[in-house]
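Peer 1: What the sequence shown shows, in the UniProt record's numbering, is residues 1 to 687, in sequence order.
Check before you lean on any hint, since a few could be wrong.
As the list claims (entries may be wrong) - Simulated restraints on C-beta separations: (1) Glu47 with Ala559: 50 to 56 Å; (2) Ser438 with Pro148: 44 to 50 Å; (3) Gln576 with Pro148: 40 to 46 Å; (4) Asn147 with Ala176: 44 to 50 Å; (5) Thr4 with Asp304: 35 to 41 Å.
Worth flagging that the hints you see were computed from the coordinates, not collected in a lab.
None of the values given here were measured: they were computed from a predicted structure.
Built from N, CA and C at the ideal position, the CB exists for glycine as well.
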Amino acid sequence: MVNTRPPKIDELLKIDPYLHDFQDEISRRYGVFLDYQHRIDECGGMEAFTTSYKEFGLNVQPDNSVKGLEWAPAAEKLALIGDFNNWDQNANVYKKEEHGKWSLTVPASSDGSCAIPHNSVIKIAVSRNGQTHFKLSPWATYVTCPNPKETVIYHQNFWNPSEKYQLKEKRPARPASLRIYEAHVGISSYEGKINTYRAFADDVLPRIKNQGYNAIQLMAVMEHVYYASFGYQVSNFFAVSSRCGTPEDLKYLVDKAHSLGIFMLLDVVHSHASKNVEDGLNQWDGSNGGYFHDNARGFHNLWDSRLFDYTQIETLRLLLSNVRWWVEEYGFDGFRFDGVTSMIYHSHGMSEQSSTNDSFSGGYPMYFGLNADTDSLVYLMLANDFLHKKYPFMVTIAEEVSGMPGICRPVEEGGQGFDYRLAMALPDMWIKILKHTSDEDWKINDIVFNLENRRYAEKHVAYAESHDQALVGDKTIAFWLMDKEMYDFMSTDSPLTPIIERGLSLHKLIRLITLGLGGEAWLNFIGNEFGHPEWLDFPRVGNGESFHYARRQFNLVDAEYLRYKFLNNWDREMMQLEERTGFLHKGYAYTSWKHDGDKVVVFERGGLVFVINLHPNKSFADYSIGVNNPGSYHIALNSDDAQFGGHSRVNNDTKFHTFDDGYAGRRHRLQVYIPCRSAIVLEKDEE
1 MVNTRPPKID ELLKIDPYLH DFQDEISRRY GVFLDYQHRI DECGGMEAFT
51 TSYKEFGLNV QPDNSVKGLE WAPAAEKLAL IGDFNNWDQN ANVYKKEEHG
101 KWSLTVPASS DGSCAIPHNS VIKIAVSRNG QTHFKLSPWA TYVTCPNPKE
151 TVIYHQNFWN PSEKYQLKEK RPARPASLRI YEAHVGISSY EGKINTYRAF
201 ADDVLPRIKN QGYNAIQLMA VMEHVYYASF GYQVSNFFAV SSRCGTPEDL
251 KYLVDKAHSL GIFMLLDVVH SHASKNVEDG LNQWDGSNGG YFHDNARGFH
301 NLWDSRLFDY TQIETLRLLL SNVRWWVEEY GFDGFRFDGV TSMIYHSHGM
351 SEQSSTNDSF SGGYPMYFGL NADTDSLVYL MLANDFLHKK YPFMVTIAEE
401 VSGMPGICRP VEEGGQGFDY RLAMALPDMW IKILKHTSDE DWKINDIVFN
451 LENRRYAEKH VAYAESHDQA LVGDKTIAFW LMDKEMYDFM STDSPLTPII
501 ERGLSLHKLI RLITLGLGGE AWLNFIGNEF GHPEWLDFPR VGNGESFHYA
551 RRQFNLVDAE YLRYKFLNNW DREMMQLEER TGFLHKGYAY TSWKHDGDKV
601 VVFERGGLVF VINLHPNKSF ADYSIGVNNP GSYHIALNSD DAQFGGHSRV
651 NNDTKFHTFD DGYAGRRHRL QVYIPCRSAI VLEKDEE
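Input sequences plus hints: build the corresponding full structure.
Peer 2: Written out as structure tokens, the structure is:
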């Protein structure tokens, strides 16, 4: 293998000169990437390779016969069984082919119809070493649990409806600014139940559109047997989660989102897989290997799951075809790749001394040393390179916390090719502050530093909280702020207690400053836009199989007499301000003022001036702030407005005129009134 220099590596080195010392390792990785591309070319090329779902699994032919193809290198016999052949293991036996593959043809019935009825139960009998196990095809597109009260084992259903839903709507353009609504269909009802794709499409999509979001990151779509895994223990990679509906129902959801101009991102889990044997990929061919490493590398001890062997060409076939499947079959526009940090390090981002997260304090040698997993990095390069060349609209987001250089730079530069990475340190910062620091002791300089501390020229998705912070054992920011008082004092008819007043104010300010300073895109987890109380806990034995905490209580924000509407209004106006001005994609913010004593932060971004006062009790009249552009300014957003639960201490009609004397390193000066625990966003008047 030739040590090949990426053709545009000079761009990467210009962005980060510290990488000069590691360009040999970057070039080595790129050489491995080219080697795998060559191997894929030898398998027929990327186009055929990534559409292997048309060949593998079970596919109905034009004459209604069914062709089957599987890769099961350790198996000694494969047979297709099911209701259609009375579960006879000798009726439809696969033929052994080269390279561990097995083929099958099931002729059409005498009347010309498909011999396998639509939605009938099928399995593959896999025999090895005298033992036979009934398995599900790795390429299964629909699997169900027929009686969840009696068994948790899923069956494969032969999905071949007479009429398939055809996607009709045009894909929306790739947004310049991503405002992402992270959603989970199952929990999206206020009722104690698992919600459906169609109910989400009809009832929740209009809310998301009205709120000003232009993208949805849909979680827990790939089939997962264990509901409480939040979709992160995937058992069937080509199958939609059947507890929420059928494949046609999911297409309806995506189509309706597109009709509303909403960009659809799928939460894809290629970092690990469920260890289920009966209905997952684990021991598919009777061995511990196959798609996974057949040694210690094949097991994630903390997550209790299996790890892919990305050096196997058939593993690459499965996974690269998988991302294409979700784009072609269901119309998704992009992906959020889960668990990237776990993938790209042999330690999986865990400390050697304990099961806690690594501090990633090793600097650049850590990123390019022996702990970095070349196989995983190259798989991500292959996936991103293919997706972005095939689909110009494509957006990919990495769940990556270590700061690996180049994750969000093009593959031609020696990067991994993602468009964004999640700014995962930000929600951790806010939870730590709310848990351990009194308001008077907030370190404004530290907060601003953490919000702005990200790799230059690599775009980040900012968020104050996501699903991670809401899971049982933790709680939403709103509940950290207001806790049990949310049960008794969120009615507008009840007293505005100091705790509720503080909670409403800080909830708004935390989200605004994170939106303004934290990244080039924004993410909100379903329900947090209106300050959803409590936490998330899925039905399980430990809670009596209760759905009480596995739902989103939209009824709270719909009730006009409850204060949740104030937070919802604020979130909507923030999103609509960004939609109108596009400040997220108009470069970095310039922070001119961060005062620990006053607890005031001032920054400019995209032509707007953000003034945020986090002080618990000090208001400031005629407070001087610096701005770069002279002229007259008006209030574009005011957190103290009555519609946001504020006290209306600031007149929204006020005009602010610049003084010619500079201030805080800026050319001009404004004077503003900024009450305690409030924020205003100023916009320059049109001339």
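Peer 1: Are the hints correct? Go through all of them and say.
Peer 2: Results of checking the hints against the structure:
no. : hint                           : verdict
1   : Glu47 with Ala559: 50 to 56 Å  : 53 Å, holds
2   : Ser438 with Pro148: 44 to 50 Å : 47 Å, holds
3   : Gln576 with Pro148: 40 to 46 Å : 42 Å, holds
4   : Asn147 with Ala176: 44 to 50 Å : 49 Å, holds
5   : Thr4 with Asp304: 35 to 41 Å   : 38 Å, holds
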